[in-house]
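Q: Given next are the chains, with one letter for each unit.
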Amino acid sequence: MTELKRPLPAFENPPVIETVLGVQFAPLESFTIPCFGLYWQRIRGRYPVQETQPALTRILEDFGTRLPVRPPLGIELVSQPEVRCWFIDASSTELIQVQRDRFIRNWRKVGDGDIYPRYERLKPQFEHDWAVFCAFLREFELGSPEVNQCEVTYINHFEIGRELDAYGEAHKVIRLLSSEARSEFLPGPEIVRINTTYMMADKKGRLHVELQPVIRRHDAREMLQLTLTARGRPASSRPKDVLEWFDMGHEWIVRGFTDLTTEAMHRLWRRTS
Amino acid sequence: MSNQAVAYTSTQNAYEYPARSEAPVLMHHWVDTVPVASYWHRDAVKATLQLAALPHNWDTYGSLPPTAIAIKGAIALLAHIAKLGFDDLPSPNVVPVPGGGVQFEWLVDTRELELEIRPDGSVDFLKSQAGEPIEEGQVSFGGRAQLQSLLSWLAALAL
Numbered sequence: 001m002t003e004l005k006r007p008l009p010a011f012e013n014p015p016v017i018e019t020v021l022g023v024q025f026a027p028l029e030s031f032t033i034p035c036f037g038l039y040w041q042r043i044r045g046r047y048p049v050q051e052t053q054p055a056l057t058r059i060l061e062d063f064g065t066r067l068p069v070r071p072p073l074g075i076e077l078v079s080q081p082e083v084r085c086w087f088i089d090a091s092s093t094e095l096i097q098v099q100r101d102r103f104i105r106n107w108r109k110v111g112d113g114d115i116y117p118r119y120e121r122l123k124p125q126f127e128h129d130w131a132v133f134c135a136f137l138r139e140f141e142l143g144s145p146e147v148n149q150c151e152v153t154y155i156n157h158f159e160i161g162r163e164l165d166a167y168g169e170a171h172k173v174i175r176l177l178s179s180e181a182r183s184e185f186l187p188g189p190e191i192v193r194i195n196t197t198y199m200m201a202d203k204k205g206r207l208h209v210e211l212q213p214v215i216r217r218h219d220a221r222e223m224l225q226l227t228l229t230a231r232g233r234p235a236s237s238r239p240k241d242v243l244e245w246f247d248m249g250h251e252w253i254v255r256g257f258t259d260l261t262t263e264a265m266h267r268l269w270r271r272t273s
Numbered sequence: 001m002s003n004q005a006v007a008y009t010s011t012q013n014a015y016e017y018p019a020r021s022e023a024p025v026l027m028h029h030w031v032d033t034v035p036v037a038s039y040w041h042r043d044a045v046k047a048t049l050q051l052a053a054l055p056h057n058w059d060t061y062g063s064l065p066p067t068a069i070a071i072k073g074a075i076a077l078l079a080h081i082a083k084l085g086f087d088d089l090p091s092p093n094v095v096p097v098p099g100g101g102v103q104f105e106w107l108v109d110t111r112e113l114e115l116e117i118r119p120d121g122s123v124d125f126l127k128s129q130a131g132e133p134i135e136e137g138q139v140s141f142g143g144r145a146q147l148q149s150l151l152s153w154l155a156a157l158a159l
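Protein chains in written order, with this note's numbering: chain X, 1 to 273; chain G, 1 to 159.
For reference, chain X alone in the conformation it holds in the complex (with noise of 0.2 Å):
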């Protein structure tokens, strides 16, 4: 459960690689191909850089019965093609996607010298960005974003040759995995990938934990990459209300980071409270 009174865990050198904060949102019916640009427009200055991708699937807590499940592969009808805008900044680690029913704000690790902003300089942004979009949303009366989904993912990557030395090394990082809980006669995994759910507190959310091998494509590094997700829908659209949602999203996130993580790297990391 959460501790609101403890201190949030944090480490000097945390292995993070890229934050995610995003809504969804019932789609905007008026908001056609051209109010793209007509918004890039709006933030052209810090964000000069464009690029179109697909859609992203709509995908919703559901705390009936049984767990969240994507759409199936279909095909539909539509009255215009979905998309996916991206803007880049300058610098190419912040970025702002959006489409008809979703708004996300990355930040992403590029070179060695990228230092992870910390939380409270990104849900400023975040904030800010997401009133520049709705205050261009009313200008053109596109309508009013009904918030259904709010959701913090952080990415973290376990280095090959830094963290651990091969794909099988998992329980150096993850607790839940240490090398006590072995059996007499399994050998080492080969390949170690994870995949578990946690409900949040009060049924507000949902927390999904992803360890998987990687290889980064730019320099084919090897690494275990560790992906926390929190999703759920905040007590209304309103941006407070939002924005509790956030901080209630990153609070399970790195509690939940430290709890699965081991003493041994949190010290690598450096954890200072």
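The set of hints was computed from the structure by calculation and includes no laboratory data. These figures come from a predicted structure and were not determined experimentally. The reader is advised that the hints may include incorrect statements.
[To be verified] Reference listing, derived: stretches of chain G covered by chain X, where coverage requires no fewer than 3 residues with Cβ under 8 Å from a Cβ of chain X:
hint : segment
1    : 32–42
2    : 116–126
[Unchecked claim] Taking lysine-lysine and the DSBU-like style, the derived pairs with C-alpha atoms no more than 35 Å apart in a straight line are:
hint : chain 1 : residue 1 : chain 2 : residue 2
3    : X       : 109       : G       : 72
4    : X       : 172       : G       : 72
5    : G       : 46        : X       : 172
C-beta atoms are modelled at their ideal positions from N, C-alpha and C, and glycine is treated no differently.
With chain X's structure known, arrange chain G on it following the hints.
A: Just chain G now, with coordinates in the frame of chain X:
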């Protein structure tokens, strides 16, 4: 119908290799990594990515390095192959092709399979037996059955 478009709720341009039981999903992540399915898959992916760093004139005949489209197509093809479940496949020989393509070469006993990813991302295959070509053609990305058939022929002796 004239004012309508056809939209796919998922596309062939999957950005993430999924677990075998799941349909491809698009991710909202920005960090660019390739999920690893097995050690042969890892070795092939690394070798493919390293081809992108080849210099111009790598073959001393003025050839360009593999195109970004060919590299991306090769990585996606490896993901499709890994998804088919050939965990014990030997790792392919990964070589650049003059003109900007990438080629995967498997040799199992007397059977040889070459998959060439062209600079535009299209894929051709060549099956050979004891050094003699026996079948060639184009591979379609939607052709799961075709890939399955090619690799099953190759793997029959590897098992």
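Q: Next step is simple, just say for each hint if it's right about the structure.
A: Here's how the hints hold up against the structure:
1. 32–42: Check passed, 8 qualifying residues.
2. 116–126: With 0 residues in contact (Cβ-Cβ under 8 Å with chain X), the coverage given for the segment 116–126 of chain G is violated.
3. 109(X) - 72(G): Status holds; Cα separation ~22 Å.
4. 172(X) - 72(G): The given pair, whose Cα atoms are some 32 Å apart, holds under the 35 Å limit.
5. 46(G) - 172(X): 24 Å, holds
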